[in-house]
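A.B. asks: Place chain B on chain A using the hints.
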Amino acid sequence: QKEVEQNSGPLSVPEGAIASLNCTYSDRGSQSFFWYRQYSGKSPELIMSIYSNGDKEDGRFTAQLNKASQYVSLLIRDSQPSDSATYLCAVNIAGGYNKLIFGAGTRLAVHP
Amino acid sequence: DVKVTQSSRYLVKRTGEKVFLECVQDMDHENMFWYRQDPGLGLRLIYFSYDVKMKEKGDIPEGYSVSREKKERFSLILESASTNQTSMYLCASSTQGASGRYGEQFFGPGTRLTVL
Numbered sequence: 001q002k003e004v005e006q007n008s009g010p011l012s013v014p015e016g017a018i019a020s021l022n023c024t025y026s027d028r029g030s031q032s033f034f035w036y037r038q039y040s041g042k043s044p045e046l047i048m049s050i051y052s053n054g055d056k057e058d059g060r061f062t063a064q065l066n067k068a069s070q071y072v073s074l075l076i077r078d079s080q081p082s083d084s085a086t087y088l089c090a091v092n093i094a095g096g097y098n099k100l101i102f103g104a105g106t107r108l109a110v111h112p
Numbered sequence: 001d002v003k004v005t006q007s008s009r010y011l012v013k014r015t016g017e018k019v020f021l022e023c024v025q026d027m028d029h030e031n032m033f034w035y036r037q038d039p040g041l042g043l044r045l046i047y048f049s050y051d052v053k054m055k056e057k058g059d060i061p062e063g064y065s066v067s068r069e070k071k072e073r074f075s076l077i078l079e080s081a082s083t084n085q086t087s088m089y090l091c092a093s094s095t096q097g098a099s100g101r102y103g104e105q106f107f108g109p110g111t112r113l114t115v116l
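Quick mapping for you: the protein sequence lines, in order, are chains A and B. For the first sequence, position 22 (counting from the first letter as 1) is numbered 22 according to the working numbering, and the numbering increases by one without interruption. For the second sequence, position 11 (counting from the first letter as 1) is numbered 11 according to the working numbering, and the numbering increases by one without interruption.
Here chain A stands alone, though its shape is the one from the complex (with noise of 0.2 Å):
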């Protein structure tokens, strides 16, 4: 069973900090990752994309990913409120149609 893996959470940081997302997957064959924004009541959308081992930067948020640990996350700096979400981890398993295997989620809270 292909897994991914994320702390439930809830993770709660003050205004303005570093807010970091972890994920772990299971398939040691994915080549795809992804970050999902997920706000209440509402559907996913996406935020982040990387393929290779290293960092990924778009704005205030950076990507990482760590193919040998089988390890991905995600830094949001000068978190804001706006922020406050249920982010996904998800990863593009090996060999099947570019299905995506989705993490539960991990819920962000961003106190002023």
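Everything labelled a hint here was simulated from the structure, so no lab data went into it.
Output of the computed footprint for chain B on chain A, the stretches with three or more beta carbons under 8 Å from beta carbons of chain B: (1) 44 to 55; (2) 98 to 111.
Over the 12 Å line for every Cβ pair with chain B, so calculated as not near, a few chain A residues: (3) P10; (4) A68; (5) R77.
Glycine included, C-beta positions come from ideal geometry on N, C-alpha and C.
C.D. replies: Same frame as chain A, now just chain B:
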């Protein structure tokens, strides 16, 4: 921008009714997916389609069927709705690409279905 639309945001049906949920994407994506999302259970894949008239079962296909007659449209059918099918239903689409590469999925706004 990729746009995925779903026919209804909210739907209330009676037990035993036949329910159709429709999804349309405008980016010429090959792959389309239907998920349901329930508190504590995360996103669960019901069915997906990688081409017109082609479909594959996901993790929880029981009680559901799908139809893909045109590339841009993917329908989810509840043949006889039951109360345990009350859920948020999410449609997504993606390009095909090489298997395992890329494949980011774009979601529609979701349909919150209540079966009474």
